[in-house]
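Trainee: Here is how the chains run, residue by residue.
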Amino acid sequence: MTDAYVRTVASMGTVVTAHVVGRAASDIERIELEHAASSALAWFEEVERVCSRFDPESELSRLSKQIGSRMPVSDLLFEVVQFALAVAEESGGAFDPTLGLQLEARGFDREYRSGAVVRTPLESDDMASYRDVELDADQKTIMLGRPLLLDLGGLAKGLAIDMAVRELEQRSFENFAIDAGGDLYLSGHNADDEPWSVGIRHPRHDGELIETLRVSNVAVCTSGDYERRAPGGPAEHHIVDPRTKASAVDAASVTVVAPSAMVADALATAAFVLGPVDALAWLERHGVDGMIITPSLERFATRGLRREYCVERGSSPDSVV
Amino acid sequence: MKPPSDTTTSRVAAPPANPTPDSAKTVAARATDSATTTAGNAAAAYKDGTYSAWGTSRHGDIEATVLIKGGRIEAAIVSQCLTQYSCSLISELPIQVVLRQSPEVDFVSGATQSTNAFYYAVVNALKKAK
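Just so you know, the sequences run in chain order C and G. So in the working numbering, spot 294 of the first sequence is number 295, and the numbers just go up one at a time. So in the working numbering, spot 73 of the second sequence is number 772, and the numbers just go up one at a time.
Treat the hints with care, as some may be off.
Simulated DEER-style distance windows between Cβ atoms [said to hold, decoys possible]:
# : chain 1 : residue 1 : chain 2 : residue 2 : range
1 : C       : D127      : G       : T749      : 54 to 64 Å
2 : G       : D747      : C       : N218      : 37 to 47 Å
3 : C       : E91       : G       : K746      : 50 to 60 Å
4 : C       : H206      : G       : G748      : 25 to 35 Å
5 : C       : A26       : G       : G769      : 28 to 38 Å
Here are some, though not all, of the chain G residues that point toward chain C, as calculated from beta-carbon distances under 7 Å [stated by the list, open to error]:
# : residue
6 : D805
7 : V807
8 : S808
9 : G809
In short, the hints are calculated from the structure, not lab data. C-beta atoms are modelled at their ideal positions from N, C-alpha and C, and glycine is treated no differently.
Let the sequences and hints guide you as you build the complete structure.
Mentor: This is how it looks when you write it as structure tokens:
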């Protein structure tokens, strides 16, 4: 039996845990391990400081107050916005990072630490979309062409996971896992020397799993309609179809397995909005695997998911592309 | 890009010894940072006894107490609840933990925010039982 070193912090509205497999043989190794784990988790604070729409002092909030001018931004903010716009473009607007004001209006307006209601002093403009965000890659500037509030929620969490992974890899750790509220990266093997087992939460029965995957060196992210219900009513949740501005209804949950957590998170959100049939083809076209559960609990999965990751044939998804 | 210094995550915060409902919001405002060395997920035989630990979520903190008898989880309950929602919302959760005898997988993707606090409280309590 191998030991695992576990470190937990509360950040970005969730509980974040780093599990590093292995036993520290000496005090020096133990200090190295502790330092690596806390440096990895420190990225969550760093990314939140830049990307939170709940913190009026974050770089993102300050950018949102400057409509119509080219604002120089940090590399980190530039990278994540650039990626978000690329996914928006690729998904034909099924994913759109400019819906912060709409989310606020629907009641997703509380800072998770203090519970304080956050209202951005901008007039909501229903015409705003990702097309109103202009990037200049040479100057590293971002310009918002209309009053809008960027919401990088899941992407920012994914980026923080990816940075934490890079931090541990650079320190030559091979077998570890980062869990940020169910968004995961699993590296190498678990303490039993096996690929990590990842249960996919059942979207309608809390505490039950609908599938189990065996994975190594990939991120696994799941977007569900059950998480973060809007105060507006039981049919309202946090995944908005940017094209209709209503909650997306064709999926109950989408799981994506991808090489990076930021990619997995963004593609899961886009796939949720696209609906099962379009989403499967779209995910495969982008070289990632995934599974979509509909509200009537039909399952759709990419071939690769069933072939590479599903544990039991009997419990394999019912439908494939 | 450099990661922030190590000190940003070293804010150790244990919930108060005698918490009151009024403290719910301030408890939710603190970051927890626990570092433990624990056995891996190989055949978990727990030491008999009663173990309590805290878990944190965006809605507040929950303390879980687990009772281990004969190496198995006999019961798991919410022993203290400092959440912003009614604790009755999570009253069904403790039974599930007993039924599952702790997580059968390494991780769950798509875990809910509201159950996180209880889940981590139980996981932390079980670490003490190893």
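Trainee: Let's test the interface hint: is any C-beta of chain C closer than 7 Å to that of G/D805?
Mentor: 5 Å, holds
Trainee: If you check the beta carbons of C/A26 and G/G769, does the distance land in 28 to 38 Å?
Mentor: With a Cβ separation near 34 Å, C/A26 and G/G769 satisfy 28 to 38 Å, so the hint holds.
Trainee: Within 54 to 64 Å: is that where the Cβ-Cβ distance between C/D127 and G/T749 falls?
Mentor: At 56 Å between Cβs, range holds.
Trainee: Given a cut of 7 Å on the nearest C-beta pair, is the interface hint for G/S808 held or broken against chain C?
Mentor: Holds: closest Cβ of chain C sits about 4 Å from G/S808, inside 7 Å.
Trainee: Do the numbers back the hint for G/V807, that is, is its least Cβ distance to chain C under 7 Å?
Mentor: 5 Å, holds
Trainee: Once the shortest beta carbon distance from G/G809 to chain C is found, is it less than 7 Å?
Mentor: 3 Å, holds
Trainee: Range hint 50 to 60 Å: satisfied by the CB atoms of C/E91 and G/K746?
Mentor: For C/E91 and G/K746 the Cβ distance comes to about 52 Å; the hint holds.
Trainee: Should the hint that G/D747 and C/N218 are 37 to 47 Å apart at their CB atoms be regarded as holding?
Mentor: Given about 39 Å between the Cβ atoms, the range holds.
Trainee: Quick check: does the Cβ-Cβ distance between C/H206 and G/G748 fall within 25 to 35 Å?
Mentor: 31 Å, holds
The structure fails none of the hints (numbered hints given earlier).
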